[in-house]
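Peer 1: Going by full-length UniProt numbering, the sequence shown opens with residue 1, and the numbers climb by one from there.
Simulated from the structure, these hints should not be mistaken for laboratory data.
Mixed in with the good hints there might be a few duds.
Said to hold, decoys possible - Below, in silico cross-link-like pairs of lysine to aspartate or glutamate (EDC-like), each with a Cα-Cα straight-line distance of 20 Å or less:
| no. | residue 1 | residue 2 |
| --- | --- | --- |
| 1 | Lys238 | Asp180 |
| 2 | Lys174 | Asp215 |
| 3 | Lys174 | Glu234 |
| 4 | Lys247 | Glu118 |
| 5 | Lys39 | Asp227 |
| 6 | Lys174 | Glu118 |
| 7 | Lys209 | Glu195 |
| 8 | Lys64 | Glu48 |
| 9 | Lys146 | Glu32 |
| 10 | Lys238 | Glu353 |
| 11 | Lys247 | Glu32 |
| 12 | Lys209 | Glu34 |
| 13 | Lys158 | Asp215 |
| 14 | Lys146 | Asp265 |
| 15 | Lys39 | Asp215 |
| 16 | Lys64 | Asp107 |
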Amino acid sequence: MPTTFTADPEFAHHFRRLHQVFMYVTDRCNLECEQCIYKPSISHFINEEIPLDDALGLLATFRKLGAGKVTFLGGEPTLYGHRQGGRPLLDLIEGTRALGYEYVRIDTNGQRVSSLLEQPSFARLDEVAFSLDGFSAQTNDPLRGKGTFVRAVDAIRKAVGLGYFVTVTCCVQKLFLDRDEAGMLNLERMIRFVEGLGVHQVNFHDLFKVGIPMDTWTGNFAPRPQDWVPVYEELSAKARSGAFGIKVRLPQCFVTKAEFARAPDYYGYCPVKLGERVMVHPNGTIRICSNLICTAFGVATWGEGRIGWEWSHANELAGHDLDRMTPCTNRSRHKKYGDLVPVCFSFKPGQDEYVWNHRLGWDASKPGLAEAAAS
């Protein structure tokens, strides 16, 4: 039976507009990726999984607060319940559906998902997102490990063939900003490659060195902010013009100070201030901002049937101006970027994403701003 959770009033109040849940169901992983933002947790198997009853109880509580989308990730979520042959993962998917969630997805490295793809319970997912960080073994495997490219691509092709809604999640690495002999950006080559696989969307993540703890364990492959801006402008313009046959979600990452000042209510999108998401971890931490993964900061804790508000200075709301839209607090606290200011990890104008489009309506709710920003 799902655990019944009682949430502190402070938690319920801050997340009164909750839209999505990122549930890190397990800390166990079968890879040791160079760029992994969760690396400290997967290196120590302590409280490595969220028990199924707790996971469903937490999801029931979040659903009552309004959450409509959930993403299962880790670690590697296909390892969830590995001692029971993976049955707990299938039960979790079924249980989440029964709770009434509108959009259920999983984020996998694709190394051992093949047999699950044939399971009816797994097929109830709305989206299977595969992590792939290159358009060849030579560009992917240095980050993710030898042989990972071939296994992931094989699994992607199988999922596409079975009719899944398949997306690819990819980190922006330095070599993507290089051009081939024909002048094409390697980042565009990545888009063209996954388009050829038949996937529906590619979602790029950035991991710039911005003075946060994860800078110390996420390798040394990130481009410089000033080098990223013209690349973003070039490829986002192509995406808007319909040059690609799939949806492309590009993180804007930085804008000029003048541009931010022109439209702070648009560029200041911040899940921390909006209370639109929770990130739930096996160690009992609930947080909001990805920049703070594997730190002591969070907004709440869960356990023994209770979701408790974090009253100490480790509450990640500390330092945020909750009444004003500003550049990304956690990225700008310790580092400056000249004429540029950082925006949220998840700020991807024009993105085809369930919460951004169908619940927040961020572009549509800011009349004229998205269009002006694109001009």
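Peer 1: Now tell me, hint by hint, if it's right for this structure.
Peer 2: Hints, verified against the model:
1. Lys238 x Asp180: Since the Cα atoms of Lys238 and Asp180 sit roughly 18 Å apart, the hinted pair holds (cutoff 20 Å).
2. Lys174 x Asp215: Holds - the C-alpha atoms of Asp215 and Lys174 are around 15 Å apart, at most 20 Å.
3. Lys174 x Glu234: Within the cut-off at roughly 16 Å; holds.
4. Lys247 x Glu118: 26 Å, violated
5. Lys39 x Asp227: 26 Å, violated
6. Lys174 x Glu118: 36 Å, violated
7. Lys209 x Glu195: 29 Å, violated
8. Lys64 x Glu48: Violated, because 26 Å separates the two Cα atoms, which is more than 20 Å.
9. Lys146 x Glu32: 11 Å, holds
10. Lys238 x Glu353: Roughly 19 Å separates the two Cα atoms, so the pair holds.
11. Lys247 x Glu32: Outside the cut-off at roughly 29 Å; violated.
12. Lys209 x Glu34: Roughly 14 Å separates the two Cα atoms, so the pair holds.
13. Lys158 x Asp215: Violated. Lys158 to Asp215 sits at ~35 Å, over the 20 Å cutoff.
14. Lys146 x Asp265: Not OK: Lys146 and Asp265 at ~44 Å, beyond 20 Å, violated.
15. Lys39 x Asp215: Roughly 12 Å separates the two Cα atoms, so the pair holds.
16. Lys64 x Asp107: 24 Å, violated
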